[in-house]
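There are 2 protein chains.
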Amino acid sequence: MVTQTPAVDLLFDAVASKGHVCVGLDTSADYVPPAERKKAADDAHAVLAFNTALIEATFDVAACYKVQIAYYEEMGISGLCAYTKTLEYIRKKGGIVIADIKRGDIADTATRYAKAHLAGEFKADFVTLTPYLGMDSVEPWLSQAQNNGGGAFVLMRTSNQGMRDFQFLETNDGKKVYNKVGDKLAELAAKYAGKKGYGIFGAVVGCTERQEASDIRKNYPNLFFLIPGYGAQGGGAQDAALLLREGNGGVVNASRSIITAWQKEAGSQNADNAFAALAARKAAIKMRDEILLETNGRK
Amino acid sequence: MVTQTPAVDLLFDAVASKGHVCVGLDTSADYVPPAERKKAADDAHAVLAFNTALIEATFDVAACYKVQIAYYEEMGISGLCAYTKTLEYIRKKGGIVIADIKRGDIADTATRYAKAHLAGEFKADFVTLTPYLGMDSVEPWLSQAQNNGGGAFVLMRTSNQGMRDFQFLETNDGKKVYNKVGDKLAELAAKYAGKKGYGIFGAVVGCTERQEASDIRKNYPNLFFLIPGYGAQGGGAQDAALLLREGNGGVVNASRSIITAWQKEAGSQNADNAFAALAARKAAIKMRDEILLETNGRK
Chain A
26 MVTQTPAVDL LFDAVASKGH VCVGLDTSAD YVPPAERKKA ADDAHAVLAF NTALIEATFD
86 VAACYKVQIA YYEEMGISGL CAYTKTLEYI RKKGGIVIAD IKRGDIADTA TRYAKAHLAG
146 EFKADFVTLT PYLGMDSVEP WLSQAQNNGG GAFVLMRTSN QGMRDFQFLE TNDGKKVYNK
206 VGDKLAELAA KYAGKKGYGI FGAVVGCTER QEASDIRKNY PNLFFLIPGY GAQGGGAQDA
266 ALLLREGNGG VVNASRSIIT AWQKEAGSQN ADNAFAALAA RKAAIKMRDE ILLETNGRK
Chain B
26 MVTQTPAVDL LFDAVASKGH VCVGLDTSAD YVPPAERKKA ADDAHAVLAF NTALIEATFD
86 VAACYKVQIA YYEEMGISGL CAYTKTLEYI RKKGGIVIAD IKRGDIADTA TRYAKAHLAG
146 EFKADFVTLT PYLGMDSVEP WLSQAQNNGG GAFVLMRTSN QGMRDFQFLE TNDGKKVYNK
206 VGDKLAELAA KYAGKKGYGI FGAVVGCTER QEASDIRKNY PNLFFLIPGY GAQGGGAQDA
266 ALLLREGNGG VVNASRSIIT AWQKEAGSQN ADNAFAALAA RKAAIKMRDE ILLETNGRK
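Chains as they are written, first to last, in this note's numbering: chain A, 26 to 324; chain B, 26 to 324.
Don't read these hints as lab results, they were simulated from the structure. The beta-carbon is built from N, C-alpha and C at its ideal position, and this holds for glycine as well. Just so you know, not all the hints are guaranteed correct.
[As the list claims (entries may be wrong)] Each pair of labels, with its calculated beta carbon distance range:
id : chain 1 : residue 1 : chain 2 : residue 2 : range
1  : A       : Q29       : B       : G261      : 56 to 64 Å
2  : B       : D314      : A       : R281      : 52 to 60 Å
3  : B       : R116      : A       : A41       : 50 to 58 Å
4  : A       : E81       : B       : N295      : 39 to 47 Å
Just chain A, same shape as in the assembly (with noise of 0.2 Å):
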């Protein structure tokens, strides 16, 4: 079997080249643009045109994607096709693409899910994890991710009200839940790492809370993060970049911002996907340099 470059190093590599951008690919068909969505033959294939007009646009300044698959789920069979061909569109460009497929499940299942998203038909370079089931849920990933140049990113704290609900618990040391599950996944970023100082596997951490960003920084040197809750849930660019280490280890993902940024611009009750693609284009490029602005201040 051939070694492959663990994800987590490919990815380094883009944020050094691209910044930190990473496009959520949350794409309803209510946000194609209706000309397109009219012309389409169905949902599905409206929203792969719409993706591949934004990918098109934005892959220089992205340094990846992420493809929420509820989305695509709400379509039906029709829309995981059109998540397929989202995923393989970014990959054959030789872009890194992240699954927000949220899973956790044990042993066996783990395995047929690992296979299914990381090798298979689903495959993607990074997945997203849950970790309420324990880390026998996580571990059975580590396989296909080791075989296929994979890589996850484990829910750890995230930047949703509900988080304060079961991630805020204190527990009878002091710590926090969230610490737990972080404290879980850097001893296992410990054992199975990249070359870059980062563990295979990943944590996501929002930048919703500015005060504790700085401690889960220091605390978990080797995860990389991927940072939801900019723009939309509060966060800003001086919120992600505490959570960034020497102006790496860490993406931001922002969704609706980038890809239904051509609403608001003029002209846009005649846009069509160039359109749409020009003004994610645009919001990309504003996000990436807002990050970059306070990383550069921090290196």
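Got chain A; can you put chain B on it based on the hints?
Just chain B, lined up with the frame of chain A:
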């Protein structure tokens, strides 16, 4: 809109008339008798034919079916077609099906998942959910559940080794994380309940830890339980019975011990689907009767 009977009420009735067995159709093509697999157009068709034979043979002894989507995703799009057809087959017969998808995502994303799995192409009666993100990953499912007579089982205390990693963490008020999940689910169940004394959303509670089983049942009387861990994972009828309430209030899942029961029968080298279905029926009846024996003692 027609008011739908909540799935939990239908499941209560099914348990009362058929017993507690939930047949887990975690069907790998490897579990299909080789002669049948060879005959089928592809693995997905082999799995679907096997499933339908088993559903026919177990229908009068199974309170419900649980279909683990990972086994189907492993086969790609064709596998997901077999998944939807399995769900449809059960529902058209008037059976109850739990989609074991363990989804966990927030807000708009959760709503899209809910549309897909409680109303759309992947429609099931129940889904399984994972709570790490918080209750805002559970609540968005309520509206689709109410409109479609659906329900959910949220992971609370599972049956795998790794459950000790996070679910068993003791919080600073002496409770465990899984109690905190249970408390929130009980609050929700008080607000959104069927007519049989149970919330429309229940909990996944494994039957591998006898010690805490009675406490969990006592503390959460309004939660209907989906109970894994029977058989292969070490739980027995006595353990499962501790999680039931007045002979109802839970279904006990068994997957491999039922669907691969044919492999242990004399003559298995010449097995066809009819042979496998008969063995599954025998295994399901045995399990049903083991549990009934225990619960009758407790009624």
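Here is how each hint holds up against the structure:
1. Remark: the range hint 56 to 64 Å for Q29/A to G261/B is contradicted by a beta-carbon distance near 44 Å.
2. In this structure the supplied range 52 to 60 Å holds for D314/B paired with R281/A, their Cβ-Cβ distance being about 54 Å.
3. At about 52 Å, the CB distance of R116/B to A41/A agrees with the hint of 50 to 58 Å.
4. At about 57 Å, the CB distance of E81/A to N295/B disagrees with the hint of 39 to 47 Å.
Checked against the numbered hints above, the structure breaks hints 1, 4 and satisfies the rest.
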